[in-house]
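Student: So the chains spell out like this:
There are 4 protein chains.
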Amino acid sequence: MLLACPDRPGIVAAVTERLLARGWNILSLEQHVEGKKWFFMRVLAEASDPEADRVGAELLALGERLDGTVRLHDPQQRMRIGLLVTREPACAVDLLVRGRLGQLPGVIPVVVSNRPELAWLGETFDVGFHHIPDDDRSEHERRTLELLELSGVELVVLARYMKVLSADFLRHYPNAVINIHHSFLPSFKGAHPYQQAWERGVKVIGATAHYATVDLDEGPIISQDVAPVTHQHSAVMMADSGRDIERRVLAQAVLAHLEHRIIIHERRTIVFHPDGLDR
Amino acid sequence: MLLACPDRPGIVAAVTERLLARGWNILSLEQHVEGKKWFFMRVLAEASDPEADRVGAELLALGERLDGTVRLHDPQQRMRIGLLVTREPACAVDLLVRGRLGQLPGVIPVVVSNRPELAWLGETFDVGFHHIPDDDRSEHERRTLELLELSGVELVVLARYMKVLSADFLRHYPNAVINIHHSFLPSFKGAHPYQQAWERGVKVIGATAHYATVDLDEGPIISQDVAPVTHQHSAVMMADSGRDIERRVLAQAVLAHLEHRIIIHERRTIVFHPDGLDR
Amino acid sequence: MLLACPDRPGIVAAVTERLLARGWNILSLEQHVEGKKWFFMRVLAEASDPEADRVGAELLALGERLDGTVRLHDPQQRMRIGLLVTREPACAVDLLVRGRLGQLPGVIPVVVSNRPELAWLGETFDVGFHHIPDDDRSEHERRTLELLELSGVELVVLARYMKVLSADFLRHYPNAVINIHHSFLPSFKGAHPYQQAWERGVKVIGATAHYATVDLDEGPIISQDVAPVTHQHSAVMMADSGRDIERRVLAQAVLAHLEHRIIIHERRTIVFHPDGLDR
Amino acid sequence: MLLACPDRPGIVAAVTERLLARGWNILSLEQHVEGKKWFFMRVLAEASDPEADRVGAELLALGERLDGTVRLHDPQQRMRIGLLVTREPACAVDLLVRGRLGQLPGVIPVVVSNRPELAWLGETFDVGFHHIPDDDRSEHERRTLELLELSGVELVVLARYMKVLSADFLRHYPNAVINIHHSFLPSFKGAHPYQQAWERGVKVIGATAHYATVDLDEGPIISQDVAPVTHQHSAVMMADSGRDIERRVLAQAVLAHLEHRIIIHERRTIVFHPDGLDR
Chain A
3 MLLACPDRPG IVAAVTERLL ARGWNILSLE QHVEGKKWFF MRVLAEASDP EADRVGAELL
63 ALGERLDGTV RLHDPQQRMR IGLLVTREPA CAVDLLVRGR LGQLPGVIPV VVSNRPELAW
123 LGETFDVGFH HIPDDDRSEH ERRTLELLEL SGVELVVLAR YMKVLSADFL RHYPNAVINI
183 HHSFLPSFKG AHPYQQAWER GVKVIGATAH YATVDLDEGP IISQDVAPVT HQHSAVMMAD
243 SGRDIERRVL AQAVLAHLEH RIIIHERRTI VFHPDGLDR
Chain B
3 MLLACPDRPG IVAAVTERLL ARGWNILSLE QHVEGKKWFF MRVLAEASDP EADRVGAELL
63 ALGERLDGTV RLHDPQQRMR IGLLVTREPA CAVDLLVRGR LGQLPGVIPV VVSNRPELAW
123 LGETFDVGFH HIPDDDRSEH ERRTLELLEL SGVELVVLAR YMKVLSADFL RHYPNAVINI
183 HHSFLPSFKG AHPYQQAWER GVKVIGATAH YATVDLDEGP IISQDVAPVT HQHSAVMMAD
243 SGRDIERRVL AQAVLAHLEH RIIIHERRTI VFHPDGLDR
Chain C
3 MLLACPDRPG IVAAVTERLL ARGWNILSLE QHVEGKKWFF MRVLAEASDP EADRVGAELL
63 ALGERLDGTV RLHDPQQRMR IGLLVTREPA CAVDLLVRGR LGQLPGVIPV VVSNRPELAW
123 LGETFDVGFH HIPDDDRSEH ERRTLELLEL SGVELVVLAR YMKVLSADFL RHYPNAVINI
183 HHSFLPSFKG AHPYQQAWER GVKVIGATAH YATVDLDEGP IISQDVAPVT HQHSAVMMAD
243 SGRDIERRVL AQAVLAHLEH RIIIHERRTI VFHPDGLDR
Chain D
3 MLLACPDRPG IVAAVTERLL ARGWNILSLE QHVEGKKWFF MRVLAEASDP EADRVGAELL
63 ALGERLDGTV RLHDPQQRMR IGLLVTREPA CAVDLLVRGR LGQLPGVIPV VVSNRPELAW
123 LGETFDVGFH HIPDDDRSEH ERRTLELLEL SGVELVVLAR YMKVLSADFL RHYPNAVINI
183 HHSFLPSFKG AHPYQQAWER GVKVIGATAH YATVDLDEGP IISQDVAPVT HQHSAVMMAD
243 SGRDIERRVL AQAVLAHLEH RIIIHERRTI VFHPDGLDR
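Protein chains in written order, with the numbering used here: chain A, 3 to 281; chain B, 3 to 281; chain C, 3 to 281; chain D, 3 to 281.
Worth flagging that the hints you see were computed from the coordinates, not collected in a lab. From a predicted model like this one, the values you see are computed outputs, not experimental measurements. A couple of the hints might just be wrong.
Because identical chains cannot be distinguished in the list, a pair is counted as satisfied if it fits within a single copy or across any two copies.
For lysine-lysine, the following DSBU-like pairs were computed, each having C-alpha atoms within a straight-line distance of at most 30 Å [claimed, not checked]:
#, residue 1, residue 2
1, K191, K38
2, K39, K165
3, K165, K38
4, K191, K165
Just chain A, with the same shape it has in the complex (with noise of 0.2 Å):
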């Protein structure tokens, strides 16, 4: 359960009250309030009571109650994802491996680019691949969400997908689109963020992993990470450096999204720390 709201006293006590009302035991519960005037809280619960899913209803109305809104979800269902991809595989490699080895709670049905040379990321990590060219530009987006949806995904991860996607296809899936930028933003928006790096002759790089809006670049971020760089970094260096904390960061936010530990608030999201169970 996420929960964001207006602050006010007795939110937790209401909610904690109706969850052991329906015979629910709480594994993890995490708060935030934000200058005394916003409240977020995830709860993960677990019921061993037949009637316990009559808790739902319930909870959603509390969340009407508090002008907020309540999401409600089942830790057990494995979320969809389609991988975008350009030129640069690694980002997208590294998801797969992730996947292959068991450690998303999630699968990976699809992977789209517009380069056919990619296709080996199909066949070795057995996923549907599929080549959608580019030259035109409108077509080639209208065929990928065609595709996204026919297969089911509900996550769809630009890694390193070099495009900028019309508002349109955002409106499909909104707060589902999760894109890395290989800079440490807002340092080094647009193209070429290490060569812009090298140029300036930054001591430290990094990428950001957040949601894709119609502003390019801009949308609320997710994960970020850095690594240290000197003047023996050139620009290529730099990009290979780079790459390894490109595919944690990324992985990070899908991870957290996976897990059902995002809420985002205007501008900015709240990220709640991994909930210690093993699963």
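Model the placement of chains B, C and D on the given structure of chain A, informed by the hints.
Tutor: Leaving out everything else, chains B, C and D in the frame of chain A:
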């Protein structure tokens, strides 16, 4: 409020219901369940009601009913800190500077050292400096303890204090003596850890703040941090880099203790997050 | 010795042969070639021979023949540092502490501030503190410059000095004014970077030490570092965490400058490694 | 060229003069002096002259005159790597992925495991997979060694290979067996390091890549890295986080070995920086 007890359903509901009933508003709540067996919680709340104080006795009683322990603290009350230091003043200076700049929710009334040449610490930071010779070890400890108690010290910080404290001393300050060890424990216990680290050829060095126990360097760890080193670092350079890690790690641990964010459970610590309230 | 020149075969051989011939023993040598076009080198050497001084003129002449520049420094000579600070004293205090603890190969004879309430810095650390009001900005700058020159200051450190220096001031201290900016440049230039960072919802904050130039926040970067933040960090908490990054990054940059380990090339810096000699 | 010898004046001059005389252009040169007693250097150079090859014998002779050792390598030659893995495939997969993506200056012709269920590694990455049972430990080792030699393997990587190699095996691959240990050595040697780390309550976990020697977990360390953990991490979660550190640390070590950037000196390693040349 800090609570530790065996895990069972309904704990959060019981606590939050009690606070609500007595007119307390929860500012921050963090809980942790360990292996479905132990439950730990920290709640920061503020009251408007004059009757609100009665909740204290109720929460203590609740703690007993849960076969656990409840500790209640008033965050307004500033703890009194005694610093013990032998040869290396950098960590002590750092805490004194943080006190001077208003970054510590505590006061440092007294610094004790076996080195008269550190008297400048007292003058520079306007605190009581006491030189207590250590030719007679037990006499040194007896006088130190007397002085700390006389100064109303509640937290003893061993800011690079290269002596072993007796079980008797520690009994006077249960779970209230923090030591900084200049290695990444459990690596390089005992004397000269940087020299040991150099000889082993490690590529990362670190520091560890922990509660002092009779088993030297074996107490519950509060915070640790590290920095990369290369073959270019001699043992002396490691010690130089290390000083910055030590003071950072020690300050983190002291801050967590002063903000009542630590529960010790067997040999481990639960260190709750800073509560995110601007003061 | 610091050398920057266009790359060509035989440079290392020419320099080392010259040093050998004049009885110098190389303690440390580091070179860097940028894109096969530019060559940079730092050599630390010691002489036993009384005639050894003659090598200085020879190396300067060699630099000219290579169409480059050679700078010679005596590491025994301790540089004189002037600190400029406005409201936030933490960075200035850190440098003063390092000076007091013997961790800086330089001396700090003078601290200048527009804030009379920072006079305690002078008393505490026994350095000349000068309050220079800034009602008249150009008068403030003129008097500051006069004072720095009178004190024989060779390196000016803007230790959280929230004012723009004129081109005229900078001309008096070419490549010798180091500024600390409390963000990870080029992100969040200008005022209130922590507030900007909070609004953008970044997950990592940072600090940047750079040479001051007339283009504010655009000078060559010397050092940068970062720390992770979460949604739990308010802008005030970011500023608190940030203070520790700032002082670390500034100290690194100042140390590199004092040890003559920096070459500025166009808009970037070559920062050679510490030479690994215990002093 | 890698050189290790007792320190004395004139070494750099002697080497660079020789290279210059034979028409070699130095692309990168890094040296290190340890305690004024030992001298280490790595030089990367390219030749245009057809006579340039004669420098090889001259440098080897120079090494002898300096009472040291000289090793010469051709960076164009790609080393052959054999992977040994038991239960945990993540590190092996990471190296195979890097090989597939062209990020390793080496080839992996062979993977050996005692687990038949890892056969998918061979199919997925199109390399020879060999299941060698380990019921008879010495027979397992004998067959493994035979296979590695047959495949022309020059570097053996123990990518989570939970077995002790005999002195005899190691004699066949002197200084050419790299192991990844899933703790921050010398902490938590031996079995189940994450469980040990959890029990000790550390706040940072790590991984260590080192050359394998007969003393288990005591060989010269090549690279180490760490990640923070909190009380919220169970031993299983530590193992999950740890996997990302392990693969990063192992890849760093393997890369340094493949690029001939490592000199082993007694129990420590000199790991020269990447030479900054784009390939």
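Student: Each of the hints needs a verdict: does it hold here or not?
Tutor: To see whether the hints hold, each was checked on the structure:
1. K191 / K38: So K191 and K38 pass the 30 Å test across copies only (29 Å; inside, 33 Å).
2. K39 / K165: neither (38 Å within a copy, 35 Å between copies)
3. K165 / K38: neither (40 Å within a copy, 34 Å between copies)
4. K191 / K165: This pair counts as both: shortest intra-copy Cα distance 13 Å, inter-copy 28 Å.
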